Amino acid sequence: WLPWLGLAVLPLAVPPAAAAAACPSACPAACYCVVTPQLQQCRCERLDEPPRELPAAVHNLSIAGSNLSVLPRAAFAGRPLRYLRLLRLRHDNIRTIEDMALQGLPALRTLDLSHNPLLSVAAGAFGGAPLLRTLQLNQALLAAPLEEQLALALRNLSLRRLELAGNALRALPAALLPPGLEELDLRNNSLQRLAAAELRSLDGPELRGLRLSLGANPLSCDCGLRPFLAWLRAAAARVLDARSLRCAAPPALRGTALLRLRPEALACALRDGGEPGQLETASYVFFGIVLALIGVVFLMVLYLNRRGIKRWLHNLREACRDQMEGYHYRYEQDADPRCAGTP
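What the sequence shown shows, in mature numbering (1 follows the signal peptide of the UniProt record, and there is no 0), is residues -19 to -1, 1 to 324, in sequence order.
These are calculated hints, taken from the structure and not from any lab test. Remember, it's a predicted structure, so these values are computed and weren't measured experimentally. Careful: at least some of the hints might be erroneous.
[What the hints assert, rightly or not] Simulated crosslink set (SDA-like; lysine to any residue; CA at most 20 Å straight-line): (1) LYS291 to ARG302; (2) LYS291 to MET281; (3) LYS291 to TYR310; (4) LYS291 to ASP303; (5) LYS291 to LEU274; (6) LYS291 to GLY307; (7) LYS291 to VAL278.
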């Protein structure tokens, strides 16, 4: 009879708020909610707009495979979600985030907007989440250049982690790095190197504690990589995947670990760590101009001496004809039996 007594006493031990949150009616029809004593989670799929009625005590909310398109102002404020700490909005076709879209989420610390074709982000898009510390934008910046818009939207946040993997970035997005940022994920982009100016910004006082992830980038191991290679050796602890970084070009160094490279192995005509390709390009352009000038001069000489060249060619033809006629005459003489000597 003791187990039955425990079941009878359990409803009296559960707070009314928790009992209401555990009630299936508190979870929208398109969502699935799981309630434990420590955590309340909800997962929603195939929605056309953010859910308006969610358990008030939900901690984690995940919406995937939906067609939200626009996050309007106070998109999740249908019922106050004072305890929501994690919001995942992946693969939801979100294109526009309006001002104060996160209003009513005072405890939100992690926002995942990965795999959305973002086209517009308002300057106050994240204004309703003052405690936001982690922002995930993996494969979310491919549809449009949003660096300036995001820089305005992030200016008043105290982010600690920013994920920008898979966005085809060709340079360090310095405008998106707020002071105090601790982790930056730049994996699977189009980075060939970090230039000297970018490295100086990473060594500045506001980003001195920043740690990066740079794996799966097509690093070009030419002389332009020398500043980054020197920085990497001196601050390898700041690159979380430093040991896994590999060269993608040139073919002779493809697959070589960066930390095993020697600066003298990065051959090109650059010196003093300048920007890659500038001197080679200038040399090729200069060489092409010289060849073009030589060609023009040669054509001008031919044009100005066309009569002399024509006369020279005529004389050469006549000389060749006389020579050939001499050979022909000698051949006929040698072939005539009357002129052949008797044995």
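For the pair we were handed, LYS291 and GLY307, check the Cα-Cα distance against 20 Å. With Cα atoms ~24 Å apart, LYS291 and GLY307 exceed 20 Å; violated.
Given the hinted pair LYS291 and VAL278, is their alpha-carbon gap at most 20 Å? The given pair, whose Cα atoms are some 19 Å apart, holds under the 20 Å limit.
20 Å Cα cutoff - pair LYS291, MET281: Distance of about 15 Å is within 20 Å: holds.
Compare the distance between the alpha carbons of LYS291 and LEU274 with 20 Å, and conclude whether the hinted pair is satisfied. Violated. LYS291 to LEU274 sits at ~24 Å, over the 20 Å cutoff.
For the pair supplied as a hint, LYS291 and TYR310, is the alpha-carbon distance within the 20 Å limit? Distance of about 29 Å is beyond 20 Å: violated.
Do the alpha carbons of LYS291 and ARG302 lie within 20 Å of each other, as the hint requires? 16 Å, holds
Given the hint that LYS291 pairs with ASP303, test it: the Cα-Cα distance must not exceed 20 Å. Measuring from Cα to Cα gives roughly 18 Å; hence the hint holds.
Checked against the numbered hints listed earlier, the structure breaks hints 3, 5, 6; every other hint is satisfied.
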